[in-house]
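Use the sequences and the hints to build the structure in full.
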Amino acid sequence: MDQFLDQVEACVPALRRYARALTRNLDLADDLVQDCLERAIAKRGLFRPTGPVRAWLFTILLNLYRNALRSSHRRGEQVDIDSVPEFATPAPQPGHLALAEMARAIETLPLEQKEALLLVALEGLPYQEAADILQIPIGTLMSRLGRARAALRVITGTPAEPHLRTVK
Amino acid sequence: MTQISRDMLMAYCDGQLPDSDRLAVENHLATNPEAAMEVALIQRQNDAIRTMFAPAGAEPVPARLRPGRLAAEIGRRRSHGWSWAAAAVVLVGLGLAAGWFARPLLDARPASAMLIADAVNAHTVYVAENRHAVEVGSDDSEHLSTWLSTRLDTTLGMPNLDAQGFTLVGGRLLPGEPDAGGRAAQLMYEDTSKQRVTIYVTAALSDREPAYEFTSYEGAEAFYWANARITCTVVGTLPEEQMKAVAGAVYSQLTEGDVSSGQPYRG
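Protein chains in written order, with numbering that gives the first Met the number 0: chain A, 0 to 167; chain B, 0 to 266.
Worth flagging that the hints you see were computed from the coordinates, not collected in a lab.
Check before you lean on any hint, since a few could be wrong.
Stated by the list, open to error - Derived, one-sided and incomplete: chain A residues facing chain B with beta-carbon distance under 7 Å:
| no. | residue |
| --- | --- |
| 1 | Val7 |
| 2 | Glu8 |
| 3 | Ala13 |
| 4 | Arg16 |
| 5 | Arg19 |
| 6 | Ile40 |
| 7 | Leu98 |
| 8 | Met101 |
| 9 | Ala120 |
| 10 | Tyr126 |
| 11 | Arg148 |
| 12 | Ile154 |
Note that the Cβ used here is the ideal one computed from N, Cα and C, for glycine as well.
Printed below as a string of structure tokens:
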């Protein structure tokens with residue numbers, strides 16, 4: 000197998016994980032990943048080997064997901080949050096942060112915040128790479144992360160005691 | 000001491016803070032419980048997100064998501080598409096090439112072949128007629144000659160085939176090939192045993208080139224020639240020797256004089 004396909008294959012678990020977190024549906028997520036991989040392999044000629052394959056794949060995946068969301072919104076289909084499957088470990092975490100509650104809270108985030116938060120918190124991507132994937136400046140990424148985390152804190156009921164001064 | 004921003008606290012939680020800043024943040028957290036709580040909160044969020052979603056990345060990857068397999072499928076689809084496209088190109092190319100090479104056969108089907116075919120068809124149609132075999136009978140041969148000469152735009156004498164045992168029955172005007180004036184004259188001769196031969200005459204072809212052809216067509220013998228004034232096809236079903244004798248007599252009588260000069264025949 001050639002090097003490009005090897006690199007793509009190495010990214011598949013991360014893509015599945017990210018797609019699952021975005022869609023909260025195993026089949027939808029794998030469909031999304033399959034579309035993404037097909038797109039990437041078919042257009043491999045467009046990929047410049049100077050950049051990381053991973054960022055390119057995540058960008059394709061997100062574009063496909065946004066397009067799918069747009070068209071499903073046009074059709075008036077909405078994913079019911081309560082239909083989201085239960086998680087394997089529903090045990091309460093330190094700080095009384097129930098996972099199911101957290102999952103629902105993430106669902107309520109605006110897509111642009113959810114995308115950013117999952118790239119950083121779940122995938123552990125460097126800020127710069129996440130910003131490249133989302134095609135936004137790194138400052139915008141940080142701002143989305145900050146808003147997402149503040150929103151989760153409010154939604155999950157944890158008192159937002161400290162008001163940190165944002166110093167530039 | 001550096002100011003600690005929210006972004007720095009997040010970077011600390013996300014493990015993306017440069018080493019140079021890490022110590023500053025840790026000192027800040029040690030003396031600032033609010034910041035420490037903020038950091039703990041973010042870390043718990045991160046932990047929760049990973050706890051929920053990270054296991055999906057450890058699941059075995061289904062076959063349909065294997066890049067090698069997908070690449071092979073895409074390649075197959077593509078080669079399929081390409082082979083169809085290639086086949087279409089080849090077929091179109093073949094068609095064009097065939098059309099090009101068949102041009103002489105189709106476009107430039109020899110005028111002689113068309114005239115011979117016309118002559119034989121006319122022969123076949125009218126030799127079967129008894130009362131209406133001709134339009135103008137031989138008893139008015141002078142009118143026949145004048146009429147056909149006018150219509151064909153050339154002077155056309157009636158060949159005398161007495162020596163071959165054939166007498167003129169008469170003649171008629173027929174539609175003809177556009178390239179040969181659009182009209183044709185048919186002269187019919189008959190011997191005592193009611194065998195008939197016809198002579199099919201048109202104005203000269205546009206190339207005015209002399210040509211000779213003796214051929215069989217649809218069961219009839221045809222002797223064709225062309226010169227600068229006319230084309231003439233003698234058609235009959237006589238034995239070959241007799242056919243050649245008749246054709247020779249017609250030829251010699253219709254090519255008297257300088258046939259390449261374009262001058263009309265003497266009547």
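Hints, one by one, checked against the model:
{"no.": "1", "hint": "Val7", "in the structure": "4 Å, holds"}
{"no.": "2", "hint": "Glu8", "in the structure": "5 Å, holds"}
{"no.": "3", "hint": "Ala13", "in the structure": "6 Å, holds"}
{"no.": "4", "hint": "Arg16", "in the structure": "3 Å, holds"}
{"no.": "5", "hint": "Arg19", "in the structure": "4 Å, holds"}
{"no.": "6", "hint": "Ile40", "in the structure": "5 Å, holds"}
{"no.": "7", "hint": "Leu98", "in the structure": "6 Å, holds"}
{"no.": "8", "hint": "Met101", "in the structure": "5 Å, holds"}
{"no.": "9", "hint": "Ala120", "in the structure": "5 Å, holds"}
{"no.": "10", "hint": "Tyr126", "in the structure": "6 Å, holds"}
{"no.": "11", "hint": "Arg148", "in the structure": "6 Å, holds"}
{"no.": "12", "hint": "Ile154", "in the structure": "11 Å, violated"}
When the structure is compared with the earlier hints, a violation turns up for hint 12 alone.
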